[in-house]
Amino acid sequence: MTSARTSRMPRPAARPNRQTAHRLALLESMLRVRRFEERCVELYSAARIRGFMHLYIGEEAVAVGVNEALTDDDAVVSTYREHGHALARGVPAEAIMAEMFGKVTGCSRGRGGSMHLFDAGRRFYGGNAIVGGGLPLAAGLALADRMTGLARVTCCFFGDGAFAEGEFHETANLAALWGLPLLLVCENNLYAMGTALARHQAQTDLALRAAGYGMVSWPVDGMDVLAVEDAARRAAEAVRAGAGPHFLEMRTYRFRAHSMYDPDRYRDRAEIEHWKERDPVEGLARRMRDAKELSDKARTALEDRLAAEVDRAVAAADQAPEEPVEDLLTYVTSPVEAIRP
Amino acid sequence: MTATHTRAAGPTASSGRTTTYREAMREALREALRTDQRVFLMGEDVGRYGGCFGVSLGLLEEFGPERVRDAPLSESAFVGAGIGAALAGMRPIVEIMTVNFSLLALDQILNNAATLLHMSGGQLPVPIVIRMTTGAGRQLAAQHSHSLEGWYAHIPGLRVLAPATLTDARHMLAPALADPDPVLIFEHGSLYNVSGVLPADAGPVDIGHAAVRRTGTDVSLITYGGCLPKALAAADDLASGGISAEVVDLRSLRPLDDATIGDSVARTHRAVVVDEGWRTGSLAAEISARLTEQHFYDLDAPVERVCSAEVPVPYARRLEQAALPQPDGIVAAARRSVGDLVAAGADAVERRPITGGPG
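Protein sequence lines, in the order shown, are assigned to chains A and B.
Letter by letter, the first sequence follows residues 3 to 343 in my numbering.
Letter by letter, the second sequence follows residues 647 to 1005 in my numbering.
Check before you lean on any hint, since a few could be wrong.
What the hints assert, rightly or not - For each label pair, taking beta carbons as the anchor points, the in silico distance ranges come out as:
hint: 1; chain 1: A; residue 1: Leu199; chain 2: B; residue 2: Phe747; range: 27 to 37 Å
hint: 2; chain 1: A; residue 1: Gly216; chain 2: B; residue 2: Gly710; range: 18 to 28 Å
hint: 3; chain 1: B; residue 1: Gly710; chain 2: A; residue 2: Val334; range: 31 to 41 Å
hint: 4; chain 1: A; residue 1: Asp313; chain 2: B; residue 2: Gly710; range: 52 to 62 Å
hint: 5; chain 1: B; residue 1: Gly700; chain 2: A; residue 2: Asp266; range: 50 to 60 Å
hint: 6; chain 1: A; residue 1: Asp74; chain 2: B; residue 2: Ala787; range: 46 to 56 Å
hint: 7; chain 1: B; residue 1: Gly710; chain 2: A; residue 2: Ala153; range: 20 to 30 Å
hint: 8; chain 1: A; residue 1: Thr22; chain 2: B; residue 2: Asp682; range: 12 to 22 Å
hint: 9; chain 1: A; residue 1: Arg50; chain 2: B; residue 2: Gly700; range: 52 to 62 Å
hint: 10; chain 1: B; residue 1: Ala905; chain 2: A; residue 2: Pro265; range: 48 to 58 Å
As the list claims (entries may be wrong) - Where chain B lies over chain A, by a calculated footprint (3+ residues, C-beta under 8 Å):
hint: 11; region: 127–136
hint: 12; region: 169–181
To be verified - Over the 12 Å line for every Cβ pair with chain A, so calculated as not near, a few chain B residues:
hint: 13; residue: Ala678
hint: 14; residue: Gly700
hint: 15; residue: Glu708
hint: 16; residue: Arg784
hint: 17; residue: Ala788
hint: 18; residue: His790
hint: 19; residue: Asp847
hint: 20; residue: Ala885
hint: 21; residue: Pro958
hint: 22; residue: Arg963
What the hints contain is simulated information worked out from the structure, not anything from laboratory work.
All C-beta atoms in this analysis are idealised placements derived from N, C-alpha and C, irrespective of residue type, glycine included.
Given these sequences and hints, build the entire structure.
Here it is as structure tokens:
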């Protein structure tokens, strides 16, 4: 089965840029996610951010690598663990932080919070907190492109937990049946909330199962941003060229609990420490340092720049006005003038 | 009250042509597909089969399989795909066979279609139209016969319509497609074969307002969809007994047109709400509550409700018919309302205690 999948993998038509500047950009993008979320933890503890908050720490390579393979015209559908997807897509840190503060300048005007980030201009369709719920939506975005002849890719992120939902299987069937330009990116972090993969999936080789729908599917080391980018580029190019839906199983790990409420009693510390040795951010930084592509001084300068960026986002969110209560009922339906031109 | 509200249901226009509800619906679909390239029809059996109720017969041949798109039996996926396509600028019309099956897509309808505009702070309107059949009367038993449109009417962010007449079947779709937000259209299965004269001058339906289908002075019969013909029949019966009933067709279940309902009750001072949904937590309950809130001092009698019996709809014809609102039950309720207690009978169906409900 593995060889069958391998033989169907598209050729690496455009290998990712291996230049130092490109690696540096990937490192910066991953570090931005990491530092942003570390600040979120502090703000959550200080009760400045409320509600459910799901951190992406440990999985940064997936969002950053995949987004490198997408263009501004492509669409991204995401989950409730989407800070990293949003930042990698280019949604400003300020708009995300303001959203989590429930401010009017937030990317969803304070209606969504951490789990529901949206940016229509960047074709970032959020922010879905129903496990698997974004998958049919993504198929529809891809269907529209297919019907209108636009060579665009719709990329849908979802977790291994979604594999147990009917919405994954219905969507996989529909997308493969209709040959939709859909890139399915499964972030297999080995846990569906607190339940280990082997406890929630009858067959834990997810790429194998996706291949059963007739989709090109393969597993990827989700802790290596260059491997992620390489696989995503190949898949996205094939999807864009009309080869139908592609499935990538990103084998990754979240270093933190499922959510801020989760005491994380279901995982061994040793397991977490083992995966932390494969930290995607420090892994790339180490490789670059060893290759003399990143000096200690340059690293410090990068960290300072990102810290200042996060500081600015927090300050701006802090000072932004609250959404007025008089506007409570806005955006439930479109304005009347939109209905009766 | 505008002229639109009082447009007559029957063939009052001097010119028109005889057609059926099914054909009127098909003509509306054909017009939508012809006039807007963004429109496409998607659902189970809508293409080759011609629609499980024959509504889309012939449209595949006319518009091709891309725009009249047969979907797998995957309500969640194809409704969700309609929502995604709407987000990307298309104008999908998604057909679900029955409201019972729509529950398989409820996540997509409620958590995405109804919610995305608000959750995105106004960035993501979802211009989708979802059509489905509802209602009982054809001996299809419990899993094909329920009237759950009241559940959908509960949900902010949706517009919920129930065309009950040929004119509405023909002319509701265009304004529904023009609405930038999700619109659900509930077609009662027993209406498809209804035939009549479609007035030649019938134009786009005002989907924001109820319609007074028959004027009267003694009692308002407030209903929608498949119960409209039953309410009109009851009004005929009441008229022969000297009671003048006004019949209000809600037409829009969400938003409810409080003004038209209220104006009618302010004139007649009595209200009977006829709803094929179960009484407990029903649309009829909502209308009754609103009348109590807004028109307490206009009312000369308690608001009456004629709803389905609190039972999964049974197969056997005698039982099925007993479970559903019927003209005689509506007549009895109206007579109770106007104080004709003897005529209404002490053991009238609608006074039966609820079984299996909260109380």
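Structure-based check of each hint:
1. A:Leu199 with B:Phe747: 27 to 37 Å: holds, 32 Å
2. A:Gly216 with B:Gly710: 18 to 28 Å: holds, 24 Å
3. B:Gly710 with A:Val334: 31 to 41 Å: Given a distance of about 37 Å, which is inside 31 to 41 Å, the answer is holds.
4. A:Asp313 with B:Gly710: 52 to 62 Å: The hinted range 52 to 62 Å holds for aspartate 313 of chain A and glycine 710 of chain B, with Cβ atoms some 57 Å apart.
5. B:Gly700 with A:Asp266: 50 to 60 Å: Taking Cβ atoms as reference, glycine 700 of chain B and aspartate 266 of chain A lie about 57 Å apart, which means the hint holds.
6. A:Asp74 with B:Ala787: 46 to 56 Å: Between aspartate 74 of chain A and alanine 787 of chain B, where Cβ atoms are some 52 Å apart, the hint holds.
7. B:Gly710 with A:Ala153: 20 to 30 Å: holds, 21 Å
8. A:Thr22 with B:Asp682: 12 to 22 Å: violated, 51 Å
9. A:Arg50 with B:Gly700: 52 to 62 Å: holds, 59 Å
10. B:Ala905 with A:Pro265: 48 to 58 Å: holds, 54 Å
11. 127–136: holds (count 6)
12. 169–181: Contact hint for the region 169–181 of chain A vs chain B: holds, 6 residues under 8 Å.
13. Ala678: Its Cβ never comes within 12 Å of chain A, the nearest being 15 Å, so this holds.
14. Gly700: Fine: 25 Å to the nearest Cβ keeps glycine 700 of chain B off the interface.
15. Glu708: Per Cβ check, glutamate 708 of chain B is outside 12 Å of chain A; nearest 17 Å; holds.
16. Arg784: holds, 28 Å
17. Ala788: holds, 22 Å
18. His790: holds, 21 Å
19. Asp847: The assertion about aspartate 847 of chain B holds, with a minimum of 21 Å to chain A.
20. Ala885: holds, 37 Å
21. Pro958: holds, 24 Å
22. Arg963: holds, 35 Å
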